[in-house]
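**Student:** Build the full structure now, drawing on both the sequences and the hints.
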Amino acid sequence: MGELEGKKHVQYIVSVEKKKDSFEALVIEHLRLNGAYWGLTTLDLLNEIEAVKPDEIVQWIMQCQDIGSGGFGGNVGHDPHLLYTLSAVQVLALLNRLDVLDIDKVSDYVAGLQNEDGSFSGDMWGEVDTRFSYIAICCLSLLGQLSKINVESAVNYIVSCKNLDGGFGSIPGGESHAGQIFCCVGTLAITGSLHHVDRDLLGWWLCERQCKDGGLNGRPEKLADVCYSWWVLSSLVMIDRVHWIDKEKLTRFILNCQDKENGGISDRPDNAVDVYHTYFGVAGLSLLEYPGIKPIDPAYALPVDVVNRIFFSK
Amino acid sequence: MEKDSSFSRGSEMSLLEQFEGILEGDKLIDEIGFLGPSQFASLDQDLSGSSLDQCTPIQLADVSLETNIAELNTVQYDKNFFWNRNNKLAISTDVLSHLYIAARHAYIASAQANFDHLLEDEILKHTKALLILSCNFSSAWNDRKLVLSRKHEMALFLEELRFSSLILSGAPKVESAWSQRRWVIKIVGDYLQDSPGIIREESDLVEKIAEKSKMNYRAWGHRCWLISCMNNDQVFHELAKSKKWTELHVADNCCFHYRRELMLNLLKEYHEASTGCNFDVCLLFKEELKWTELLIGRYIGREALWIHRRFLTQCWIKHFTTNQGAAAVTESEDLISSTTQTFIAKELKFARSFLNITDGFYDAHDQAQYAASYILWTLKFALSQESMREEILSELRDLKPLLLKTCAVNSLGWETML
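Chain order of the listed sequences is A and B. This note's numbering applies: residue 32 is where the first sequence begins, and numbers increase by one. This note's numbering applies: residue 493 is where the second sequence begins, and numbers increase by one.
Hints in this document: simulated from the structure, not taken from any laboratory. It is possible that some hints are incorrect.
Across the chosen pairs, the derived CB separations fall in these ranges [to be verified]:
#	chain 1	residue 1	chain 2	residue 2	range
1	B	D855	A	V107	33 to 43 Å
2	A	S191	B	K665	21 to 31 Å
3	A	S191	B	G689	21 to 31 Å
4	A	V190	B	S530	35 to 45 Å
5	A	N339	B	T834	29 to 39 Å
6	B	E761	A	D52	48 to 58 Å
7	A	V335	B	A533	47 to 57 Å
Here are the computed lysine-lysine pairs in the DSSO-like style, where the Cα-Cα straight-line distance is at most 27 Å [unchecked claim]:
#	chain 1	residue 1	chain 2	residue 2
8	A	K253	A	K38
9	A	K243	B	K706
10	A	K253	B	K736
11	B	K700	A	K253
12	A	K253	B	K706
13	B	K665	A	K253
14	A	K243	B	K736
To list a few chain A residues with every Cβ distance to chain B over 10 Å, as calculated [claimed, not checked]:
#	residue
15	I88
16	N181
17	S184
18	E206
19	V268
20	L286
21	P326
For every residue, glycine included, the Cβ atom is placed at its ideal position computed from N, Cα and C.
**Tutor:** Here's what the structure looks like:
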């Protein structure tokens, strides 16, 4: 079995940060804050967060905040959205700089996006998705502000998105999808509502994601993709069914997705690497307790010591 | 590719003007592609022999930066970087970075200077260019929504749907393009009162896109979203209409999920409307079961088909079978409903027929695996009575080693079940 090329991945992440002028980099500049979360969390999981300068990052993150609403955009000058607001809070948590935030302002932005039926819109334009429920609850929980929303109706909305196969979709009746399942199970976990999940039924759906090559897919009939090592695995951990998959085969699959020369991890073996898949590969390996990687919290998607620091040192 | 420093701000603007000029001149563009230099060079060669009247007349305009477009002429553009014919547009990858930077700059400038809403047309023009280059630039989509909400013109809303289709033709998974459609439809739907027409068009669009973009979650999610706007007749119609397409795409789990949602919608409607089983819905499920059986026999080892059957079995047992031995009989004395035992026995017989792998092909192994997991899943999750499950499981004890061997990949979970 191959090894994890930790140093190479660190080098890769640091190098990506510098390449901002290529067309490929330009067309993702609107989600740079997400990229910061993926890159920095990976560095921390590999015990290499010292590779970056926190002050510069914090300064840039705060520039991404929309003064009017309190929400964060994906980059400086971009419209605020829940997607980037969570990444901002997560990165600040990682760097232990949550003190720079006006907690009320950010939480009011997030809480203000809850709808009558308990669902959450991503931004002022109203699109609803269970991802946004997870983001809102994860964010508010990290900030200690869950009381600002109606938790019961939020949970009820998630339950209304449960399908007959035990999985969850993006809206009621949406096809079960591992990513959406992670969001729904994560929401239920954080709010102490996992009793709504049929663990055997969902566990079965999740363990059927494992393909012959050992990797995990996100839905039936799809190819394995490294990012599902996170979405599926963390869901299984949260419902205590992770022993239903073949962990060794999955580990081997993830390791095979590395670019051992230049660093980085791709969606499947021999494809081009990117920061997104590098993060999910390392996070997946963390859940599989691969040596040399810090443990990660399956619900908050942050290193366990970061989460402990937030919740146990108040 | 790296930004070429030999491009000055002036020439970047000229590039943008050319690009926007082409978009303005050819309103019917339905396909846009980014091509590398060698592919790009070969484009003109392809058309050298074709007749000119197939080409869209192109409008020329004054190329200098100071003048504005005063009269309708033809646009000059640098043929090294742009190619526009037959409502298709190709852009050379050599200029993408410069174009993007120019479009972004122009967009931000017009958005910031939009006092008294005088620059709304500029915003629409620049965001259009920007989104073609970077379709996920959500702020640009948002500014378009701002302009459209303020102007509130039907023509602009319909044009927005067309623009979204253009983006989706090249990038069918773009979330923002799909949500832009829903935003427009929610507004326009109230005005037009032509929701059947809109539903049909959106449904057709999804089917067209799904043809090229398999198992596209956002596309099918959009189609499922439409279900809430349909009445029962429309739901039945969609089920009938999409059957043929589904038969040609048996590996696409999304189209089966769509059918499941349509059927669930009907179950819910009839359940709320009357008591007990409705004949039409019952017949629908029965036909769907028969149809799936055919497909499973025809397309060996297709997971989506077995997943679909799990759903059908689950619903049939829950809504259309009885446990007391009495069965529902129709006017024509045709038993379309039965006892749970009879139904389960039939299903087990059907699934067991696939467990004997006689040839060495992977498909047959997959088929056996799916059949085995279908049996286990149905017994564990679709049967609510413990007693019945225990009874059948004891009958299946001889099958247990075969079942577990067949499903080697996922056996860890099943072992705890059995």
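**Student:** None of the hints should be skipped; say for each whether it holds.
**Tutor:** Now the hints, each set against the structure:
1. Checked against the hint of 33 to 43 Å, the C-beta distance between B:D855 and A:V107 comes to roughly 53 Å, which is inconsistent with it.
2. At roughly 25 Å, the beta-carbon separation of A:S191 and B:K665 lies within the given 21 to 31 Å, and the hint holds.
3. Range check, A:S191 to B:G689: about 29 Å between beta-carbon atoms, so the 21 to 31 Å window is met.
4. At roughly 55 Å, the beta carbons of A:V190 and B:S530 sit outside the given window of 35 to 45 Å.
5. Distance hint check: the CB atoms of A:N339 and B:T834 are about 57 Å apart, inconsistent with the given range 29 to 39 Å.
6. Checked against the hint of 48 to 58 Å, the pair B:E761 and A:D52 passes, with Cβ atoms roughly 56 Å apart.
7. Taking 47 to 57 Å as the suggested C-beta distance range, the pair A:V335 and B:A533 conforms, at roughly 55 Å.
8. Between A:K253 and A:K38, the direct Cα distance comes to roughly 32 Å. Violation of the 27 Å bound is thereby established for this hinted pair.
9. For the given pair, A:K243 sits about 21 Å from B:K706 by alpha-carbon distance, which is consistent with the 27 Å threshold.
10. Of the pairs offered as hints, the one joining A:K253 and B:K736 holds, with about 22 Å between alpha carbons and a cut-off of 27 Å not exceeded.
11. Of the supplied pair hints, the one linking B:K700 and A:K253 holds, its CA atoms being roughly 20 Å apart against a limit of 27 Å.
12. The straight-line distance between the Cα atoms of A:K253 and B:K706 is roughly 10 Å, inside the 27 Å bound, and the hint therefore holds.
13. Pair hint B:K665 plus A:K253 holds up; C-alpha atoms about 16 Å apart against a cutoff of 27 Å.
14. For the hint linking A:K243 to B:K736, the alpha-carbon distance of about 31 Å lies beyond 27 Å, and the restraint is violated.
15. Consistency note on A:I88: stated as away from chain B, and its beta-carbon is indeed over 10 Å from all of that chain's, at 22 Å minimum.
16. Remark: the non-interface label on A:N181 is consistent with the geometry, its nearest Cβ contact in chain B lying 23 Å away (cut-off 10 Å).
17. In this structure A:S184 is separated from chain B by more than 10 Å, as the shortest Cβ-Cβ distance comes to about 19 Å.
18. The Cβ of A:E206 does not lie farther than 10 Å from every Cβ of chain B; its closest approach is about 4 Å, which violates its non-interface assignment.
19. Distance check for A:V268 against chain B: the nearest CB is about 15 Å away, which clears 10 Å, and the non-interface claim stands.
20. Every beta carbon of chain B lies more than 10 Å from that of A:L286, the smallest distance being close to 19 Å; the non-interface claim holds.
21. Against the 10 Å criterion, A:P326 stays outside the reach of chain B, whose nearest CB is about 23 Å from its own CB.
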